[in-house]
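Novice: Starting from the known structure of chain A, arrange chain B on it as the hints suggest.
Protein chains in written order, with the working numbering: chain A, 1 to 113; chain B, 1001 to 1113.
The hints are simulated quantities; they were obtained by calculation from the structure and are not laboratory data. Glycine included, C-beta positions come from ideal geometry on N, C-alpha and C. Treat the hints loosely; a few may be bogus.
Claimed, not checked - Calculated pairs, DMTMM-like style, for lysine to aspartate or glutamate (alpha carbon to alpha carbon, straight line, at most 20 Å):
(1) A/42 with B/1085
(2) B/1009 with B/1085
(3) A/100 with B/1044
(4) A/100 with B/1052
What the hints assert, rightly or not - Here chain B is said to cover these stretches of chain A; the calculated rule only asks that three of the stretch's residues, wherever they fall, bring their Cβ under 8 Å from a Cβ of chain B:
(5) 41 to 55
(6) 96 to 109
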Amino acid sequence: QQQVKQSPQSLIVQKGGISIINCAYENTAFDYFPWYQQFPGKGPALLIAIRPDVSEKKEGRFTISFNKSAKQFSLHIMDSQPGDSATYFCAARVNNQGGKLIFGQGTELSVKP
Amino acid sequence: DTEVTQTPKHLVMGMTNKKSLKCEQHMGHRAMYWYKQKAKKPPELMFVYSYEKLSINESVPSRFSPECPNSSLLNLHLHALQPEDSALYLCASSLSQFRGSQYFGPGTRLTVL
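So that you can see chain A by itself, here it is in the shape it has in the complex (with noise of 0.2 Å):
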């Protein structure tokens, strides 16, 4: 299955709260996590990426969880701030497949004042 799985597809949260998103996975040739955040009519920009052997990995505000055995990762934002409005996507490499990247189908995220 090369699928990747992310909930919700939209999130509303309070300035200054947590965002988290959820992906999942079932593809174990699978062998680097990136996320992508979008903004309306802009390509989509690289925001933090994790290989399965770390568990966690911080950037700013931002932290990837990755659970290799639960073959979940997740994305939280910590001070959720307005201009974090955007779509986020993860994605997931197929090391056996010419390195293509599998997206999720995106999170909608609205922080509100």
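Specialist: Chain B in isolation, oriented as in the chain A frame:
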């Protein structure tokens, strides 16, 4: 510098027109990608070039024709498109197919009348 540039930003074309989309990167990346993205959906991979050779073609109709003139440039030639081809076309690049993150350009918004 992690910039991928794309021209034009917007393109409107009739079904009988021929047009080209251009993508450029100067990061020394040897893998370049074309994606198509419909509204509120994740990017869909179309083509992958690795070291200037076509590596992956995701069964894209022949009315889309990619070209990689050199390691920094990627073109997508369009001919006899259909209205359902209207979408955001994204270019991305990475160190190689199997190494490094993919960095996306801002995209070309294509409308087919």
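Novice: Now, for every hint given, state plainly whether the structure supports it.
Specialist: Going down the list of hints, with the structure as the test:
With a C-alpha separation of about 18 Å, the suggested pairing of residue 42 of chain A with residue 1085 of chain B holds against the 20 Å cut-off. For a cut-off of 20 Å, the pair hint linking residue 1009 of chain B to residue 1085 of chain B stands: about 16 Å separates their Cα positions. Restraint check for residue 100 of chain A and residue 1044 of chain B: the C-alpha separation of about 10 Å stays at or below 20 Å, so the hint holds. A threshold of 20 Å between alpha carbons decides the hint, and for residue 100 of chain A with residue 1052 of chain B the separation of about 17 Å falls inside it, so the pair holds.
Residues of the region 41 to 55 of chain A lying with their CB closer than 8 Å to a CB of chain B number 7, which satisfies the three-residue condition for coverage. For the region 96 to 109 of chain A, the assignment as covered by chain B holds, since 9 residues bring a beta-carbon within under 8 Å of that chain's beta-carbons and 3 suffice.
Consistency note: the structure conflicts with none of the earlier hints.
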